[in-house]
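> Given the sequences, and given the hints that come with them, work out the whole structure.
Chains as they are written, first to last, in the working numbering: chain F, 1 to 194; chain E, 1 to 194; chain Y, 1 to 194; chain S, 1 to 194.
Source of the hints: derived by calculation from the structure; they are not laboratory data.
Treat the hints with care, as some may be off.
Since the list gives no way to pick one copy over another, a pair counts as held whenever it fits inside one copy or between any two copies.
Stated by the list, open to error - Once the Cα atoms are required to be at most 30 Å apart in a straight line, the calculated DSS-like pairs of lysine-lysine come out as:
(1) K26 / K3
(2) K69 / K137
(3) K69 / K145
(4) K69 / K3
(5) K137 / K3
(6) K3 / K145
(7) K26 / K147
(8) K137 / K147
(9) K26 / K69
(10) K137 / K26
(11) K26 / K145
Keep in mind it's a predicted model, so treat the numbers as computed, not measured.
Protein chains: 4
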Amino acid sequence: MGKGRLEAFSDGVIAIIITIMVLELKVPHGEGFDALAPLVPILLMYALSFIYVGIYWNNHHHMLHAADKVTGPILWANLHLLFWLSLIPFTTGWMGENHFTAAPSALYGFVLLMTGAAYWILQQLIIAAQGPHSLLKEAIGGDWKGKASPALYVLAVLCAFWSPRIAQAIYVLVALFWLIPDRRIERVISRKEA
Amino acid sequence: MGKGRLEAFSDGVIAIIITIMVLELKVPHGEGFDALAPLVPILLMYALSFIYVGIYWNNHHHMLHAADKVTGPILWANLHLLFWLSLIPFTTGWMGENHFTAAPSALYGFVLLMTGAAYWILQQLIIAAQGPHSLLKEAIGGDWKGKASPALYVLAVLCAFWSPRIAQAIYVLVALFWLIPDRRIERVISRKEA
Amino acid sequence: MGKGRLEAFSDGVIAIIITIMVLELKVPHGEGFDALAPLVPILLMYALSFIYVGIYWNNHHHMLHAADKVTGPILWANLHLLFWLSLIPFTTGWMGENHFTAAPSALYGFVLLMTGAAYWILQQLIIAAQGPHSLLKEAIGGDWKGKASPALYVLAVLCAFWSPRIAQAIYVLVALFWLIPDRRIERVISRKEA
Amino acid sequence: MGKGRLEAFSDGVIAIIITIMVLELKVPHGEGFDALAPLVPILLMYALSFIYVGIYWNNHHHMLHAADKVTGPILWANLHLLFWLSLIPFTTGWMGENHFTAAPSALYGFVLLMTGAAYWILQQLIIAAQGPHSLLKEAIGGDWKGKASPALYVLAVLCAFWSPRIAQAIYVLVALFWLIPDRRIERVISRKEA
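Right, dumping it as structure tokens:
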């Protein structure tokens with residue numbers, strides 16, 4: 001079975017997830033700029049989640065590029081990843097609407113943690129399907145980002161109950177170091193093709 | 001006429017169906033975890049329906065892979081399937097919001113039954129278009145899952161009026177045995193290609 | 001410029017249009033079947049509009065299959081068609097919610113008329129781009145459906161103010177005779193390829 | 001890395017953006033034509049924004065057609081463009097609902113300005129990735145439209161506080177001169193291929 005339709009379906013779902021988040025920005029009835037004030041935290045959260053979903057799309061793109069074939073378990077692991085991603089608009093909206101209080105901040109991190117776990121499961125299944133000389137396994141290498149992120153999400157969830165500000169700072173920090181595109185996979189593939 | 005655009009359109013519609021269900025999870029105004037309590041049944045129903053729509057996408061993927069050509073009746077049978085699938089977000093939301101009472105539980109099963117019937121019609125039309133030595137017909141073989149599911153949906157709809165719990169248990173059960181990926185079609189295709 | 005991306009974009013927009021109509025079916029708060037009663041006209045309208053949008057997708061599919069190249073005016077004529085199609089969920093919802101009264105019935109026909117006109121413009125531009133021996137022009141031939149439909153929509157819009165029932169009957173009638181797939185284009189193409 | 005998936009994802013997001021704007025046209029409860037009166041400004045704004053998003057889709061299509069490869073920074077510059085485009089439904093709805101008053105008119109222009117800036121950044125990155133003999137750079141040439149548009153948006157934003165009418169007239173004017181399809185890229189590509 002080819003990768004094409006799996007990529008197309010994932011792209012469709014991720015495109016919808018990244019776009020429906022903006023529906024939380026409800027059009028205000030007032031006509032002055034002050035009517036926009038309550039929307040500022042929602043807009044900031046939208047921008048952060050847009051970056052997170054963008055990172056997942058970007059890395060998903062690279063990961064499937066390095067995959068050879070699609071098996072039944074890979075299909076389901078991919079749907080599992082899309083499920084957790086699809087909850088991000090909800091946690092984004094809850095955090096934005098409640099001005100970054102404790103419970104929404106913790107839930108936001110929990111969903112990011114589960115999304116990260118779902119991504120890791122999908123990655124392991126693709127590596128397993130590739131056999132002992134997996135191109136993807138070599139490409140991700142030590143994967144310090146993949147290891148540090150869940151630890152930071154757990155830390156953020158715990159901090160959220162004590163100081164939501166620290167939790168939010170961690171979410172921004174993790175997004176920032178993922179923003180740097182993942183050149184490892186590109187590098188290994190170019191080397192192989194050379 | 002090629003299969004490509006039919007697959008692309010179906011993927012688009014199914015991607016939207018699977019994602020708009022999450023819009024039923026309305027962002028609560030409260031800021032504590034207790035504000036999430038009324039959303040728990042809606043979330044559970046979302047997860048179940050996500051699996052059902054995922055199963056249909058998965059099987060649709062396999063079925064069209066085994067199809068040779070697309071005729072006018074196949075196009076319409078496919079739209080008919082998408083119509084019933086598109087009602088799943090509605091029945092999911094009604095069941096989640098009313099805490100699994102009788103009428104929503106019965107309607108949920110009725111829409112699953114009609115979706116299954118629409119899938120069966122599409123399958124028959126593809127087999128008919130392939131002629132006497134249909135690859136798809138051979139691939140699905142005895143098709144015990146395809147035969148047992150409608151019987152179980154009818155049973156669930158009837159049970160719903162007496163005990164909604166049993167109906168819901170049946171929906172979870174049917175989802176579980178479809179979750180096991182349908183290796184039959186993959187097996188027959190690989191054998192033919194070998 | 002290739003047709004691929006134009007088809008993909010149109011499929012995306014049409015997939016969204018056909019699916020967001022179902023959002024007009026708002027989940028009722030009641031838990032009995034009687035809570036569904038006010039939704040019955042909305043559901044009927046949804047089914048009718050689903051068929052209309054399906055017909056446009058189907059015919060659009062055939063028409064672009066017979067097109068050779070995509071010019072700037074064809075891109076804009078295509079967006080113009082998508083604009084009118086995107087208003088169908090609105091007119092569908094208004095007609096369903098107001099139980100088929102005069103003004104919504106007339107507006108429904110007016111948007112169908114404009115959509116048909118936009119389709120006709122797109123068709124003329126594709127034929128013009130193909131030059132004197134246009135395959136598409138030969139394929140559509142006398143095009144009695146394409147000529148009868150606008151006349152019937154105008155009739156329906158006028159009837160709506162006198163008897164909305166007749167207008168609605170006309171909409172169902174036009175949908176029914178378009179449901180029969182357009183074999184003309186398929187036939188001419190197969191003949192040419194033979 | 002290929003362009004295919006980047007185009008497909010962008011098409012998906014732009015298709016959703018252009019379609020969800022129509023959700024601002026809320027179905028009225030009244031059943032006469034007068035119930036549509038408050039929707040007229042929203043419909044006009046929808047048509048204008050539909051044209052703007054259509055222009056971006058059209059030019060994005062041409063620009064990526066002239067691109068050779070997709071780098072990490074190009075992926076992010078593309079997501080940045082999609083972010084600003086995704087805010088257009090919000091500014092459209094706010095302007096439509098408040099009958100074209102000052103603040104919404106200024107914000108509409110500001111988001112168009114940022115979208116234009118994001119488009120320009122993406123274009124520069126594609127040109128830079130193509131090296132000294134960039135096909136795209138040659139194709140866009142003097143790019144008077146690309147230079148005049150931001151100046152006009154800034155002018156419109158400033159005018160909005162004094163006379164919203166002038167700001168709106170500028171938005172319509174800019175849309176009109178972009179409507180003329182960008183034949184420059186087509187011309188240069190055909191010349192090269194000849």
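> When no copy is specified for K3 and K145, does a C-alpha distance of 30 Å or less occur within a copy, between copies, both, or neither?
Both. Shortest intra-copy (26 Å) and inter-copy (26 Å) distances satisfy the 30 Å Cα cut-off.
> Taking 30 Å as the upper bound on the Cα-Cα distance, should K137 and K26 be classified as within, between, both, or neither?
Classified as neither: same-chain Cα gap 44 Å, cross-chain 40 Å, threshold 30 Å.
> Go through the copies and call it for K26 and K145: within, between, both or neither, with a Cα cutoff of 30 Å.
So K26 and K145 fail the 30 Å test inside a copy (35 Å) and across (33 Å) alike.
> Is it within, between, both or neither when you check K69 against K145 at 30 Å Cα-Cα?
Intra 25 Å, inter 26 Å, cutoff 30 Å: intra and inter.
> Between K69 and K137, at a C-alpha cutoff of 30 Å, which is it: within one copy, between copies, both, or neither?
both (15 Å within a copy, 25 Å between copies)
> Within a copy, between copies, both or neither: which one fits K137 and K3 at a CA-CA cutoff of 30 Å?
Cα proximity of K137 and K3: in one copy and across copies (18 Å, 24 Å).
> Is it within a copy, between copies, both, or neither that the alpha carbon of K26 lies no farther than 30 Å from that of K69?
Neither way: K26 and K69 sit 42 Å apart in one copy and 38 Å across, limit 30 Å.
> Is it within, between, both or neither when you check K69 against K3 at 30 Å Cα-Cα?
For K69 and K3, the Cα distance is within 30 Å both inside one copy (7 Å) and across copies (21 Å).
> Should K26 paired with K3 be assigned to within, between, both, or neither, using CA atoms and 30 Å as the limit?
neither (37 Å within a copy, 34 Å between copies)
> Between the shortest in-copy and the shortest cross-copy C-alpha distance, which are at most 30 Å for K26 and K147: within, between, both, or neither?
neither (37 Å within a copy, 33 Å between copies)
> At most 30 Å between CA atoms: does that hold for K137 and K147 within a copy, between copies, both, or neither?
For K137 and K147, only the intra-copy Cα distance (14 Å) is at most 30 Å; the inter-copy one is 42 Å.
The structure is inconsistent with the numbered hints 1, 7, 9, 10, 11, although it conforms to all the rest.
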